[in-house]
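Undergrad: Protein sequence lines, in the order shown, are assigned to chains C and V.
Per this note's numbering, the first sequence starts with residue 1, numbered consecutively.
Per this note's numbering, the second sequence starts with residue 1, numbered consecutively.
Hints were generated in silico from the structure; no laboratory data involved.
The reader is advised that the hints may include incorrect statements.
[Said to hold, decoys possible] PhoX-like mimics (lysine-lysine), calculated; alpha carbons at most 25 Å apart, straight line:
id: 1; chain 1: C; residue 1: Lys270; chain 2: V; residue 2: Lys50
id: 2; chain 1: C; residue 1: Lys193; chain 2: C; residue 2: Lys116
id: 3; chain 1: C; residue 1: Lys270; chain 2: V; residue 2: Lys47
[To be verified] Over 10 Å on every C-beta distance to chain V, these chain C residues come out as not near it, computed from the model:
id: 4; residue: Ala20
id: 5; residue: Lys74
id: 6; residue: Ser83
id: 7; residue: Ala115
id: 8; residue: Val118
id: 9; residue: Lys123
id: 10; residue: Pro137
id: 11; residue: Ile160
id: 12; residue: Met257
Just so you know, even glycine gets a beta-carbon here, dropped at the ideal spot from N, CA and C.
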Amino acid sequence: MSALKSVFGRVSARRRHRLAPLVLLFAALAATGGAYAAFAPSPQAEAAPGSSSQATDEGKVLFLRNCSSCHGLKGEGSGDGRSPSLIGVGAASVDFQVGTGRMPAARSEVPQVPAKPVQFSQKEIAALAAYVASLGPGPAIPSKEQVDFSKADAAAGGAIYRTNCAMCHNFAGSGGALTQGKFAPSLKGTTPKHIYEAMLTGPQSMPVFSDGTLTPTDKRDVIAFLKSIESEPNPGGASLGRIGPVSEGAVGWIVGMGMLIGCAVWLGAKAR
Amino acid sequence: MSDQHHTNPGHPSGADEDGGTTGALEPRFTSPGLAPHAYRRSDIDPKAAKRREREVAMLFGLSTLGTLLFIVAYFAVKLENVGGTEMLNRVALSTRLLGLGLGIAMFCIGAGAIHWAKTLMPDDEIVNDRKPMRSSDENRSAAVAYLKEGAAGAGLGRRKLIRNSLLGALAPLGLLALIPLRDLGPLPGDKLARTAWKAGSRLVTDPSGNPVKASEVPIGGVVHVLPEGINDMGHPLEERAKAAVIVIRLAPEELRERKSRRGWSYNGIVAYSQICTHVGCPVGLYEQQTHHLLCPCHQSTFDVANQCAVVFGPAARPLPQLPLAVDSEGYLVAKSGFHEPVGPSFWERGKR
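Generate the whole structure from the sequences, applying the supplied hints.
TA: Structure follows, in C-alpha cells:
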C-alpha cells in the first residue's frame, strides 16, 4: 500500500514538474501537425493521373487526354490567365514542366506549382514536347553537349549566377521566398538539362534568360557552378541548409544562448 | 564543519569624538538573523562526499581526455599534400575535432571547479558588518594639509608664466578631437544625383559585358545591365553601386505608361534603376507573371507594368526609369541619363 502511494506520489510530483507545460505544449503541437499531415488533401492525389497505360507515340493524344482540359484543345490556353497558351512555348518548356512533375498541375496548386513525382515516361514526355513544339516555334530541348558542364568554367558561372540568379535562388542555390506564398525553389539535385530549360523558358514566376542575353556558354557555366557547390563540403561545420543568417541566428540563439543560460542556472543553484 | 560560525567583528566604532552612540537612528526592526544552515548531503554523509570527490575528479579527467583528443587530432589529420574537395573535407574534420577537444578540455575544468566549490568546499554563512565610510578627522585634516602643501610647492599661484602656458597648451588640445571631423566631408556635391549613364551609353550585361540587342530580349525576359565602359571609370565599384539597371520586357499591351514618359520604352522593353528607393538594396527579384519587382531586404514591391509604382513595403518612391533607345545596329542604348537621383532619399534630394 505504501509502495503504491509512493509511486503515485512520484507520478504527480513529476506532473507538477516545471518543464511539464513545455513538454505538453510540444506534444500538442506535434499531434496537431501530424494530424494535419495525415488528413490534409495531398495535391498529388487530386492531380490528373497520367494515363501512361494508354500511351501512344502520338503526343497529341496524350495532350488531349492530359493537358487540354486546362490548356485548351489546341493549346490556346484557358483565356482567364490561369492556364497559359502553349503556342510558341517550345519543346524545352514541356520537357521542363512535365519532366520535373510540375505538370500536370492541380487547380489547388496555387499560387505556385511545385515539383512532384514525374507522371510520364521519358518517351511520353518527348512525344508531348514534339506535339507542343509543332504548335508554334519555341526553344528546343538542349542537346547533351549543351548541358555537358564538365568543361565549363564554374568560376565564371558563379559570377553570372550571383548577378542573375542569386537574388531569388539564394547564394548557394537553396531557394528563397517570393511574394504571396510563391517561392524560388531550391536548385539542389535539379538535373543540368532542367536547369538549362528553366533559364531558357522562364517557368512560372521566373523570368526568361534567352540565349541572346545569357549565351549557351554562360548557361553551361552556371550549371557547372551549381553542380560544383552541390558537391562542396562544409569546412566550417554544419551548413544549416545554407540559407544564411536565419537558420544560423536561430541555432545561435536557441542552442548557444540556451547552453549559456543552462550554465548560469547551474552556477546559481544551491547544491544539495 | 558543522558548527555555524558567525563572524561579527564587533560594532564598528562609528562613535567619534562626539562620544555619541552608533548611528543616530533607532533600529526600526529587529534583525531576523541568518536562516538555519542547510547541510548538504556531502556535509553529513562521508560516502556522499566521497562520491562528489569522484565526480569532480571525473570532470578533471575528462578535461585531460579532451586535451589528448586535441593533440591527437592536431597530428593525425594531415592537411599537407591534398587538394580540392579532399582538402576541404579534412579541414572540416580537423576543425571539428580540434574544437571538440578544446571545448571538452576547457569546459570540464570549469565544470569540475564549480562542482568542487559547490558541493565540497565550506558553504557556511558569514556576516561581515560594513565599516563606516567616513575617515577619522585626523586623516581628513592631514589629507587637506598635504594638498595645500603640494599646491604651495608647485607654485601655480606664483609662477604665472607656467600657469598661462599650461592653459595655452590645454585649450587647443580640444581641437584634436574636432579636427578629424573634417573626414566626414567634403560634401558629396552632385555625386548622389549623377550616375554613369548618359545619352547614348550602350547597355552591357553584367558581368559578361556584352551589348544587348533589343531583338534578343524575349517577353518575360530580364537582363541585368551596366553602362558600357563603367569598369574604366575612376571608382568603378562606386559607379556600379549607382548605375545598376534591370532591363525587363513585357508584352507592350501590358505596359501602362505616363504621357510624359512615352518613348522611354522600346517594344515593351523598359529599364529601371536597381537601387531601392528605400535604403538602396539591389532590387532584383522579378516575378514574370505578376510583373512585380521585389526588394530582398525589406520586401518593397514595385509594379513594373505600372511605372514601378510601389505596391507594397517601405519604399517611398517608384524606382527611377532609364529612358531607352536603339542605335543603328539594333543595340539598346540609354536615351539620356536618369531624370532623378537614384536610390534612397537624402537631405538635398530635389533641391538642385
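Undergrad: List, from low to high, the hint numbers that the structure doesn't satisfy.
TA: 11
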